[in-house]
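K.L.:
Sequence:
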Amino acid sequence: METRELRYFVAVAEELHFGRAAQRLGIAQPPLSRAIQQLERRLGVKLLERTNRTVTLTEAGSVLLREGRAALDAVDAAERRTRRAALAATGQPGLVLVTKAGASSELLSKLLDAYAAEPGAVTVDVHLCGIGEQERLLRDGRADVALLHRPFDSTVGFDTEDLRTEGQVAVLPAGHPLARRAGLRMDDVTALPDLPLPRWPGPDGTYPDGPGPQVRDHTQLLQLVGLGRAAAVLPDSCRAHLNADLAAVPVLDAPTVTTVIAWPPHSRSRALAGLVRAATLL
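To convert, note that position 62 of the sequence shown is 90 in our numbering; the numbers rise steadily by one, no gaps.
Hints may contain errors.
To be verified - Once the Cα atoms are required to be at most 25 Å apart in a straight line, the calculated DMTMM-like pairs of lysine to aspartate or glutamate come out as:
no., residue 1, residue 2
1, Lys74, Glu95
2, Lys74, Asp101
3, Lys138, Glu194
4, Lys74, Glu43
5, Lys138, Asp153
6, Lys138, Glu189
7, Lys74, Glu33
8, Lys138, Asp187
9, Lys74, Glu87
10, Lys138, Asp181
11, Lys74, Glu42
12, Lys138, Asp190
13, Lys138, Asp264
14, Lys138, Asp245
15, Lys74, Glu30
No wet-lab data here; the hints were simulated from the structure.
Produce the complete structure using the sequences and hints provided.
P.N.:
In structure tokens, the structure reads:
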């Protein structure tokens with residue numbers, strides 16, 4: 029299969045409408061229809077069910093949509109990494125590090141200071157992301173390295189080194205009755221009718237159903253907690269960023285959170301190797 033055919037098919041499969049897919053691709057509809065038909069003939073399977081009014085995916089089409097997206101993402105990532113390697117070869121070897129906004133700030137500061145003291149250290153461009161974005165940026169080649177947090181972020185397909193493991197705390201308005209407790213359990217936090225837990229976006233950017241507010245990052249979340257609109261369960265290190273109007277109470281049965289440094293397994297960057305080495309020595 030050609031990447032052009034895959035892009036055509038993914039557009040049709042996502043739009044489920046040949047006219048909209050053609051407009052999205054910037055081509056006429058007849059050649060798009062012919063390309064999909066040719067792809068089906070070559071594969072020997074039916075990818076789409078077509079009527080005068082609807083277009084739906086077959087089981088085979090659903091598989092190709094999933095695999096096609098992954099293949100196109102890999103092609104785009106290869107292109108970006110190739111361009112970044114070319115920049116490095118011309119004397120612009122900076123690294124791009126991504127992490128969640130408001131998370132691991134103290135650890136990140138120590139890492140950047142430690143790496144800057146290393147011989148041959150290069151510029152590290154830090155991008156602070158919304159929830160879940162850093163993993164996607166690392167996978168698609170827009171970042172060289174990321175700080176991820178298990179079990180919330182997937183590290184499948186990356187090389188990683190564990191940096192820190194910590195418990196979690198319930199973040200509550202300072203005046204809330206539970207804020208005076210020495211410890212809580214997850215059931216105590218999830219049962220609060222006046223302080224629902226937040227809803228974070230999934231990998232596709234959509235929010236799950238539920239009563240809690242939709243949040244994009246920790247800064248927004250902490251403001252909502254301070255306003256008495258939500259509660260949160262966060263890694264213990266968040267205490268360093270809490271104002272006087274917030275309280276943190278250990279959640280005794282919450283899963284531990286491990287901060288890891290992650291990078292693509294095929295990387296041969298000496299600068300990246302130096303950054304990882306500095307991270308593991310913290």
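K.L.:
Checking each numbered hint in turn, tell me which of them this model violates, lowest number first.
P.N.:
none
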